[in-house]
Structure formats: structure tokens, C-alpha cells
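Chains as they are written, first to last, in our numbering: chain G, 1 to 175; chain S, 1001 to 1291.
Please keep in mind that the hints were generated in silico from the structure rather than gathered at the bench. Any given hint could turn out to be false.
[Claimed, not checked] Not close to chain S: a few residues of chain G, all C-beta gaps over 10 Å, as computed: (1) VAL82; (2) GLN83; (3) GLU100; (4) GLY117; (5) THR138.
[As the list claims (entries may be wrong)] Footprint (simulated), chain G over chain S, 3 or more residues, beta carbon under 8 Å: (6) 1104 to 1115; (7) 1236 to 1246.
Keep in mind it's a predicted model, so treat the numbers as computed, not measured. For glycine and all other residues, C-beta sits at the position ideal for the given N, C-alpha and C.
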Amino acid sequence: MTTVYEDHDDEPASDIPVRRIKFTINGAKKIAEVETRLLLAHLIRQGLQLTGTHTGCDTTNCGACTVLVDGRAVKSCTMLAVQADGHSITTVEGLATASELHPLQEGFREEHGLQCGFCTPGMMMAAKALLDENPDPTEEDVRWALSGNLCRCTGYQNIVKSVLWAAEKLRSQSG
Amino acid sequence: MYPSRFRYEAPRSLGEAIDLLRMGGDYAKVLAGGQSLVPLMKLRFASPELIVDINNVPGLDYHRADPDGTLRIGALCRHADLERSALLAGTQPTMAAAAPLIADPIVRNRGTLVGSLCHADPQGDWASVVLALGGSVVAQGPAGRRTIPVADFVTGPFQNLLAPDEIAIEAVIPAARGARSGGYLKLERRVGDFATAGVAIALETSGDLVTRAGIALTGVGGSTIGATEAAASLVGKPLTARAIEEAADLTAAVARPRTDHRGSAEFKRHIVRTFVVRILSRADAAEERAA
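Construct all of the structure, not just a fragment, from the sequences and the given hints.
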């Protein structure tokens, strides 16, 4: 994989620290050479061209850039890409199959869980981490789990409903 | 936003990490959870030349109690591990109350208690909690290990006592001699915001007498504040309404809040006083139920 960066400095190329990393993204094994200061969010968006992960505030507040690292929700603007070495990343593109939406995506459609859609990928990934750990959450559990993700459109009500809808669908599928 | 350029090393042992720090000198930083350091680097408030990422060092993600009840929290124990901990829920009421209030759930998945102590933000919740509990930080360097009480460890805002070639490997909470009670209350405008004001109280009681008390404040001064006089006023007495009021007054007196967008100094001082009464009244109620 080739990653092309903007050049803002005068250093010779040999002075720029770069590391080779191996990681898994949405099930696919990858090798990348990354500048050490590259953030995981930018490896995902610019390096891998997976633009479903959004960068919103870029200050660890909004949660739009949330991805799963080894199953745990992480704000990808606040982790270095080099730290993905040896780990498994799941982004919103990893939810659906070629033919079928993930129940969370169906839930957001059925319950009108998005308006502008900017926060949606982060909401879905935080919700995925919750449902993987707790398949039968209460409304309070959902609100708690999503409290690190900001939405400026919906007032959250329909997002919570969407996640509860998905939880029920997932339970009926497994039961 | 990008951090400025740095060399990155991810050692697989503490010895290797300390060697790297020794060579990196003042320009090296240890990276654990990164939930404070990475934002600081992005804002260029911190521009280390060398990052020593300790996430690949095995055996640091624990939190466990020694046979005598001493609690040990490793440098890679995440806030989320503490939030879900049955050990804390059963034995450490002040810590169990604080864990779910740290930052937000996603940040808690990566951030660490030990890292929070090292970061020494006056708005940091864990420093107050560990100070109230009389805890320490264990630092390891080329010459071996030393244990530093957290009261000495935090030397000022964003400053700690670590030498450039030392790593904080563990936080230690001493065993209780009496029955533990207490709590942590924090007022925040929204989840993930810094505390408008926070109060940590750790009590130990024997019969109806308080045998040890610790009170510490978050976000109402240029550093974490220990309310030692207030805590001392509780010891040796039962937790009467009068004792609670006196401790609340003494605590509010040592708060040094400033008026800002989160509230006026007067308001914050009032919150501190109210939180002391609330936590101590609950501790009192818990004892009555137990009796």
C-alpha cells in the first residue's frame, strides 16, 4: 500500500520516521508504511480510502471517528496508526455484507436514527461494541454507551430507538 | 491536526522501555492510553522527540488485591476495566463511584488510571480519588523501584516527580484497617467535559467511629486539593450531622475555585460543600443500614 502525505516541512526524506505495520481491517490483512505521527483516523480515511469513518471535532469529544480495535470502541483521532500494529480494526464498512445491511443499519433506517448522518458511523460502532457485550440493553444502557458520541440533529431519541430495534432483531436472529 | 514528528518505539519489556527513556532524556514521553498525551501532541502543547509506547509490555494491565487488602493497579489497566471491576465494586466505594465518571465510555476503553495520575491535570478525577485514599505511585527506573505518595508525586499542574528515565508502573491503594465507605461526586455540564467541581471522600470506620478520613477536590484550584483539616475533623468521632456540617465547611474553605464559563467561584464552592454533605450523609446511611 502506498500512502502519500502532504509535505509541510523542510526535512530530508531520510529524517522522516516511518514504521511498517501489519493489521487487519474489516477482516482483511494489510501491511502499511506509516509516518509515526499519522493518526489511525487518517490511515483509515486517506490510506485505506474507507471514508465511512468521519473526523468531526478532531479533539476526542464527538465520537464520529469511533472504530473498534480488537472489539473495543476507540476514538480513532486519538490513537496513532502505528499502534494498530498487530491489531484488528473494524469500521462502519465492516458491518454490512455485500447483500445485507447489519441490523444496526436497518435499525437506523427503520427508526429514523439519522438526519445529516455525520455522527452515524460513530454511533453505530459504539452501539456495536455495546451489543456485542450486552445483547439485551435497557434504554438507559444504550444512552450510557452512546454518551461519548455527539449528535447535533436528532436529539438522540431516535438513535436510542434504532439501537434497541437492532438489539431486538439480533436477539431474534440468534434465538 | 497532526503531532509534530517523533521517533516511535514499542518495547516489549520494562527494562527495554527504561533504556529507551534514558537515551531519550528530557525529550522522551511514555505513551500508555494516550487519551491525554495524543490530544496534547496534536495541539502541539507537547512535542516529544521520542515516544515510548508501553502497550506491548506484558503484565501491566492488572488490578488486584494483595492478601492484606492492598490494591495494585498496573500502568495499562484501563478506566473501563475499573468501571467493570467486581473487586472495586465490593471493596473500594470511592473508586467504584469515580470510574464511570471518567471522561466518556469510549475514552475509558483506552485511558489508564496511572496515566491520569502522571498527567497531573488539576481537573483529573483519579488524582483526587487516590489522594483521598492515601495512595502512592510506584516508579521504576535504572536504579530500581521507588514508591511515591501521590500527595508528593503531583508537584503542580501537569507536573510530576518522575525522573526522565522513570516509568510509573503501578498505583497502590493501602489496605483499609476499618470498614470502607465514601464516594465521588462530580458536577459536569455534559459527559466528557472537565469537572465544574468534584469531591472524593474515603472513610474507614470501626464501630460507629471514623478511624481514617481522606477528602480531596477536583477542578477547584490550580492543582488537586487535599482537605486535610476537614478530614482530620472527622476522625475519632461518630459521623453525626454536626460533624458532617463541620467537615463540609472546612472543605469548602480550602477550595480555590475561579469564576469561569463553568460557573462562578461562589457557585463552585457551594457545590463542594453540598457534595461533602451528600457523600458523608450517604456513608452515614449505609452504616445505619448495616447496623
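Hint-by-hint comparison with the structure:
1. VAL82: violated (5 Å)
2. GLN83: violated (6 Å)
3. GLU100: holds (27 Å)
4. GLY117: holds (19 Å)
5. THR138: Nearest chain S Cβ is 15 Å from G/THR138, so the label holds.
6. 1104 to 1115: Holds: 6 residues of the segment 1104 to 1115 of chain S have a Cβ under 8 Å from chain G.
7. 1236 to 1246: violated (count 0)
Hints 1, 2 and 7 from the list above are not met by this structure, while the remaining hints are.
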